[in-house]
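Generate coordinates for the entire structure from the input sequences, incorporating the hints supplied.
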Amino acid sequence: MRLAKMDWALAAILGVMAIGVSACGSSSSSTSSVATKIGNGEGQLNLVAWEGYAQPEWVKPFEAATGCQVHAKYAGSSDEMVTLMRQGGGSTYDMVSASGDASLRLISGGNVAAMNVNLVPEWKNFIPQLQSPSHNTVNGVHYGISLQWGPNVLLYNSSKVKPTPTSWESIYNPKYRGAVTVPANPIQIADAALYLSKAQPSLGITDPYELTEAQLNAAVALLKQQRPLVKKYWTAAADEVELFKNGDAVIGAAWPLQTNNLQADKVPVGELIPAQGATGWADTWMLAAHAKHPNCAYKWVNWVSTPKVQAEQAISFGETPANTKACPFMEQIKKGSCPKYHANAPSAYFESIKFWKTPVKNCGNGKTDCMDYSVWQKKWTEVTA
Amino acid sequence: MNATARSRASAALFRRPWLRAALLLSGPTAWFVLIYLGALFLLFLSALWSVDSFSGKIVHSWTFSNFETLFNVPAYRTIALRTIGIAAAVTVTDILLAVPFAFFAARIASKRLQAVLFVAVLIPLWSSYLVRVFAWRLILAKDGVLNWALGQIGLGSVNIGYSNWAMWIVFTYVWLPFMILPVWASIERVPDSLIEASADLGARGWRSFRLVLLPLILPGIVAGSIFTFSLTLGDFITPTLVGGAGSTFIGNVVYQEVGISNNVPFAAAFATIPLVVMGIYLLVARRLGAFEAL
Amino acid sequence: MIGTGRWSRVALAVWAALIMLFLFFPIVIIMLYAFNPSNVQSWPLSGFSTRWFSSTWHNTEVRQALWLSVRAGLLATAIAMVLGTMAAFAVDRFRFFGREAVSLVLVLPIALPGIITGMALNSFISFNSLTFSLLTIVIGHATFCIVTVYNNVLARLRRTQSSLVEASMDLGADGWQTFRFVTLPMIATALVAGGLLAFALSFDEIVVTTFTAGAQNTLPIWIFAHIRNGQQLPQVNVVVLFVILISLIPVALAQRLTRDTGMLRSGAQAPDAGAAAAAGAGGAP
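Protein chains in written order, with our numbering: chain Y, 1 to 385; chain S, 386 to 679; chain V, 680 to 964.
The following residues of chain S were derived to be distant from chain Y, with all beta-carbon distances above 10 Å:
no.: 1; residue: Ser392
no.: 2; residue: Arg393
no.: 3; residue: Trp403
no.: 4; residue: Leu482
The calculated lysine-lysine pairs, modelled on DSSO-like cross-linking and capped at a C-alpha distance of 30 Å, are:
no.: 5; chain 1: S; residue 1: Lys442; chain 2: Y; residue 2: Lys379
no.: 6; chain 1: Y; residue 1: Lys354; chain 2: S; residue 2: Lys442
no.: 7; chain 1: Y; residue 1: Lys60; chain 2: Y; residue 2: Lys325
no.: 8; chain 1: Y; residue 1: Lys354; chain 2: Y; residue 2: Lys334
no.: 9; chain 1: S; residue 1: Lys442; chain 2: Y; residue 2: Lys367
no.: 10; chain 1: S; residue 1: Lys442; chain 2: Y; residue 2: Lys378
no.: 11; chain 1: S; residue 1: Lys442; chain 2: Y; residue 2: Lys361
no.: 12; chain 1: Y; residue 1: Lys124; chain 2: Y; residue 2: Lys325
no.: 13; chain 1: Y; residue 1: Lys292; chain 2: S; residue 2: Lys442
Worth flagging that the hints you see were computed from the coordinates, not collected in a lab.
All of these numbers come straight from a predicted model, not from anything done at the bench.
Backbone N, C-alpha and C fix where the C-beta goes; we use that ideal spot for every residue, glycine too.
The structure is reproduced here in structure tokens:
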């Protein structure tokens with residue numbers, strides 16, 4: 001009797017809801033015209049940024065100069081950045097430091113607005129490859145201002161890993177079983193593909209982001225072999241720092257940020273770009289389509305494009321500035337940093353990095369049998385399950 | 386409202402109990418049905434939709450593809466079983482840890498000690514969950530506190546940082562107060578006379594406990610287990626912070642799909658697993674009287 | 680009687696002490712590492728530094744996060760108190776269709792994994808095109824806080840007699856006066872205990888809040904971001920140390936309020952404190 005009464009109650013509730021449910025509508029799109037001048041700051045700026053991209057070192061002076069209070073939401077992967085920018089109809093955050101594998105998705109999803117490069121005078125001093133790159137400029141329209149770029153490096157504990165590694169093979173080697181760490185990010189498949197492009201040339205991999213099914217499966221097989229060696233797939237940069245510091249990992253894939261943080265903490269680590277080359281990222285500050293604080297956004301982009309701030313960020317994170325005039329400032333802050341990060345002779349180095357981009361079906365050579373990103377995500381879940 | 390209008394209104398309400406009930410219920414019911422239940426319903430409805438992978442927009446056509454993926458891809462089965470398994474292990478461990486403690490606190494400790502113990506059990510709940518889990522990272526790390534202590538007493542070292550063992554320990558730790566409190570409350574509710582009667586009738590310590598006390602405190606234990614089980618089942622933060630390579634939980638996949646891949650339909654589909662498991666658990670718990678012990 | 684044997688008493692006391700050690704050891708670590716001179720936590724502590732205290736104090740972001748958490752907690756608790764009390768009265772005083780379902784439905788936001796509640800609310804907010812703001816955070820928190828107040832008040836109502844209300848009305852008081860002078864004092868301490876626990880729940884909540892907040896930081900969100908970023912980690916420890924010390928006040932208050940109603944060896948009625956604490960704190964993550 002009691003159970004029946006409760007069942008009826010629940011059924012009644014569900015019935016009411018069923019009557020009320022209807023298909024939901026889609027969000028309205030808005031065309032925001034490109035700004036022609038920068039107005040007064042709105043007092044606030046909400047950023048979606050990579051860890052290390054909004055350090056107090058350059059944020060505090062910015063806040064003091066413009067009155068725009070900066071709130072940074074840190075994201076650990078491009079996927080997360082795309083989702084954050086889409087949240088709340090795209091008006092929650094103002095800018096995002098998108099890498100090449102997020103930028104095109106944001107552009108095609110209508111989540112970012114066109115930007116006026118004339119409002120950012122430093123843009124003229126950027127290296128030519130980053131003034132209008134295909135990952136943030138579509139049909140001549142700029143959807144963001146390039147920021148910095150850099151490689152994904154091999155990080156190792158120099159007192160526990162001997163001899164010094166020279167190849168990506170080291171992170172797939174059972175010698176370091178249970179002490180390897182790599183990023184928890186489906187784009188990591190490209191790193192495996194990059195290694196295979198040199199280790200197994202018969203696979204015919206030319207671009208690690210354009211993989212046919214057979215090539216993708218080979219990369220996934222390699223990652224599955226690696227899985228028992230991995231202590232943890234790191235999600236936050238700080239995770240990897242702690243893994244190395246407390247002895248849980250001795251070798252892995254990292255951003256130069258982790259190396260800098262570990263060395264600042266007197267942990268004996270080294271980094272290198274192995275023989276097979278490296279994947280990397282080229283980041284762009286993009287403006288949200290429905291940004292609530294566009295003036296502060298433009299002020300921010302101007303600020304971080306100046307040579308001094310470019311130098312500060314480059315050294316702090318361990319990346320290369322887009323602004324060619326940053327080199328002398330880098331030398332001022334830390335001698336030797338300019339050549340170390342190739343800020344003075346970037347072209348050949350630039351060409352050697354395989355920058356992140358979103359895998360799509362179009363293989364770029366007339367064929368369309370490449371695996372797109374949703375397949376990569378599914379395969380990655382299989383690897384890390 | 387002046388006094389006579391108020392008395393007339395309250396008299397009218399007094400004569401119509403159904404109206405009073407309706408008014409009282411209106412607030413909470415409206416809140417729950419419109420905000421929570423409606424949203425829940427829509428969420429699980431969306432498990433039958435899918436998402437366009439490049440633009441991220443939801444495609445409103447009915448399909449079972451999400452559930453097909455869940456059944457066909459073994460990875461998800463592994464994740465679900467691991468989550469449920471660890472949730473069960475954590476629940477059992479917490480029960481074993483909590484019951485003797487609660488017994489001591491309820492029946493043996495003096496009044497003053499009881500007050501101290503009560504405050505002591507509540508304090509951890511007021512210190513950030515995140516930071517407590519984070520502290521365990523340091524304790525269980527290779528060069529961390531645990532191995533240092535083991536080294537001091539000459540027991541070598543263990544490598545349990547970033548593993549399922551670590552998760553089991555950490556989950557047991559964070560949910561322990563949630564198990565202690567209802568068990569303590571239910572032990573308190575057992576009148577002394579019952580235990581004394583059992584002893585008078587010849588049952589010794591353990592037998593009395595097993596045959597008299599345990600059945601009486603079972604609702605409290607089940608009430609506590611609702612929380613330890615459910616909280617572990619849905620958690621994704623502890624696996625992210627202290628989990629290792631093979632520690633993905635249902636919550637991680639759901640969070641990943643919602644917060645990162647923006648594939649809400651698939652996340653909703655996967656979330657039906659903890660929903661169903663908890664639904665069954667709650668119905669069983671109700672039968673065992675846990676809701677009165679909540 | 681069980682446990683009166685000497686050996687059992689000692690064994691159980693030792694067990695209780697070990698459990699206390701287990702519960703507090705990580706908390707001691709947290710407080711200790713507020714003095715960590717380095718950014719990275721490693722063992723043993725490489726020194727002793729109080730520099731993080733001043734930098735945390737001057738950190739506007741953490742102060743804003745703390746204040747937002749307090750505001751969200753107060754608002755959510757207020758809503759939970761009103762709605763929870765209404766529901767408790769309805770269930771205790773009347774027989775109606777769906778009465779048994781109420782307890783089950785109210786406990787769902789806590790009993791179901793937070794991630795489901797979070798996703799559901801996130802969809803609700805997006806569907807109605809609301810802005811993610813303090814309002815949405817409060818909506819989320821109030822939803823799972825209602826049950827803690829409900830349980831507490833219901834337990835108390837079950838132990839009071841409705842004849843008091845009738846007596847009051849016989850003596851000429853109208854509905855409002857009866858509520859204010861008779862009913863409210865009866866449930867006051869249960870209400871406050873439930874409210875305190877609702878506040879605790881809301882203050883430390885992270886999962887549902889992640890799904891219902893916009894660019895704002897509540898304290899747990901700020902903490903999570905800083906754990907990820909790892910640049911000023913000891914600031915997190917400093918903040919938590921501060922919160923633990925401050926929270927001694929409401930915890931002691933909760934203990935005193937529920938002292939004569941439960942958790943002590945009265946051998947009598949339903950102890951609401953433990954019940955409420957358990958039901959209440961359930962949604963912490």
